[in-house]
Amino acid sequence: MKNENLYNYILGIADNSLILGQRLGELCGHGPNLETDIALTNISLDLFGQTRSYYQYAAQISGGGKTEDDIAFLRMERQYKNVLLVEQPNAHFGFVLGRQFLFDVYHLLLMEKLQSSSDETLVAIAKKTIKEVSYHERFSSDWVKRLGDGTDESNKKMQEAIDGLWPYTDELFQLTEADRIMVSDGIGVDVSKLKKDYLKRVSEILKEATLKIPESKYFQKGGKEGIHSEHMGYLLADLQYMQRSYPNMKW
Amino acid sequence: MTIAIQPNIDKALLPILETVSDPEIPVLTVLDLGVIREAIELEGIVQIKLTPTYSGCPAMDVIGDDLAKAFSEIGKETNIQLVLAPAWTTDWISKAGKLKMEAYGIAAPLEETADKDALLGNAKIIKCTNCGSTNTHLVSQFGSTACKALFKCDDCQEPFDYFKCLK
Chain S
0 MKNENLYNYI
10 LGIADNSLIL
20 GQRLGELCGH
30 GPNLETDIAL
40 TNISLDLFGQ
50 TRSYYQYAAQ
60 ISGGGKTEDD
70 IAFLRMERQY
80 KNVLLVEQPN
90 AHFGFVLGRQ
100 FLFDVYHLLL
110 MEKLQSSSDE
120 TLVAIAKKTI
130 KEVSYHERFS
140 SDWVKRLGDG
150 TDESNKKMQE
160 AIDGLWPYTD
170 ELFQLTEADR
180 IMVSDGIGVD
190 VSKLKKDYLK
200 RVSEILKEAT
210 LKIPESKYFQ
220 KGGKEGIHSE
230 HMGYLLADLQ
240 YMQRSYPNMK
250 W
Chain X
0 MTIAIQPNID
10 KALLPILETV
20 SDPEIPVLTV
30 LDLGVIREAI
40 ELEGIVQIKL
50 TPTYSGCPAM
60 DVIGDDLAKA
70 FSEIGKETNI
80 QLVLAPAWTT
90 DWISKAGKLK
100 MEAYGIAAPL
110 EETADKDALL
120 GNAKIIKCTN
130 CGSTNTHLVS
140 QFGSTACKAL
150 FKCDDCQEPF
160 DYFKCLK
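From first to last, the protein sequence lines are chains S and X.
For the first sequence, numbering that gives the first Met the number 0 assigns the number 250 to the last residue and increments by one with no breaks.
For the second sequence, numbering that gives the first Met the number 0 assigns the number 166 to the last residue and increments by one with no breaks.
Next comes chain S alone, as it looks inside the complex (with noise of 0.2 Å):
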């Protein structure tokens, strides 16, 4: 493949979007009532529609007709290079909403940044996904403050979702070569960069919803360089199990 990096830097990206989308699509018919159920499906579909942009761009650089079906569904676990946090489970709506929180405060910093990227197609997705996750980051914000700063249970819940996913953070901070490579050719965004801000906007809203910023300084990491956590197979055997059972299979 002759742009590699680049290749790698947009699945770096592309990759959170894939598996969030999927996390939130298993709650399709689940959600806790039938307005925050399709509140939650819609913005798994926005994650996916950005994925393909991704993925299509993707596809085109490493040539060879591979597209971006492949991409999606035919990798091994280590080739995906999603950060942990996003693949975390379900478990209790608290940390639904916690995790897309801690996503979306960091993935519209990223938009932003991304808008000046020296490369137009990444602009132009980056252009098109930001207003999506303004609107994600609205709705998820809005649900920390109405969960921490409402009765004793749900704040109890929610801070122990922000507690139990706080590790998950700073890994977002972190960069992989490709992201050294392409921040140095102008096209790649330094995400350590984000870090100040990510922590200012997250602690207002923490604030706000009169809950406890984290205070562990021990951080997981792993998923950008593909060592994920122990639900990531799970995952992967359901998004992929159409493909992996009738290869090549077509709507």
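Simulated from the structure, these hints should not be mistaken for laboratory data.
In this text, a Cβ means the ideal position worked out from N, Cα and C, and glycines have one as well.
Hints should not be assumed to be uniformly reliable.
[As the list claims (entries may be wrong)] 27 Å max Cα-Cα, derived DSS-like pairs, lysine-lysine:
id, chain 1, residue 1, chain 2, residue 2
1, S, Lys130, X, Lys68
2, X, Lys48, S, Lys126
3, X, Lys94, S, Lys126
4, S, Lys155, S, Lys144
5, X, Lys115, S, Lys199
6, X, Lys166, S, Lys249
7, S, Lys130, X, Lys126
8, S, Lys144, X, Lys94
[Claimed, not checked] Stretch-level coverage of chain X by chain S, calculated; a stretch enters the list once three of its residues show a Cβ under 8 Å from a Cβ in chain S:
id, stretch
9, 23 to 34
10, 52 to 58
11, 90 to 96
Position chain X against the provided structure of chain S, taking the given hints into account.
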């Protein structure tokens, strides 16, 4: 990937384009919706550039197929391309489109600031499409499709969709 904000549509193709509508909001044609960014005929093939409203909008594939079908019925081949830039905005929905939308029961998008106020619940400004009252409240920021939010009227008690402002 650069296309001007004003779409480049050959007038001769308008009668066919007008027959294709959004499968999810059938009262709106693709022209009302502003998703056709270019439509020209080159060496006998109709070249169409289509832009999605939302990235994951499933209506886009259907619209593409419907366009190809409409032109094939008059014996014309099409080449349909999906383009992302410039990103679609609700400003591209025609005035006539907004009126049709209202009559169909979907409140048309407000301007950006007003939209934010409405969706954050700061202002009661979204008009009920059933009785016209602004005594309405947001039920969910996400409605039956990605482009809509769900509202309820506190006077006539009817739920209705609001087409979200996208800029």
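Verification of the supplied hints:
{"no.": "1", "hint": "S:Lys130 x X:Lys68", "result": "violated (31 Å)"}
{"no.": "2", "hint": "X:Lys48 x S:Lys126", "result": "holds (18 Å)"}
{"no.": "3", "hint": "X:Lys94 x S:Lys126", "result": "holds (25 Å)"}
{"no.": "4", "hint": "S:Lys155 x S:Lys144", "result": "holds (13 Å)"}
{"no.": "5", "hint": "X:Lys115 x S:Lys199", "result": "holds (22 Å)"}
{"no.": "6", "hint": "X:Lys166 x S:Lys249", "result": "violated (35 Å)"}
{"no.": "7", "hint": "S:Lys130 x X:Lys126", "result": "holds (24 Å)"}
{"no.": "8", "hint": "S:Lys144 x X:Lys94", "result": "violated (38 Å)"}
{"no.": "9", "hint": "23 to 34", "result": "violated (count 0)"}
{"no.": "10", "hint": "52 to 58", "result": "holds (count 5)"}
{"no.": "11", "hint": "90 to 96", "result": "violated (count 0)"}
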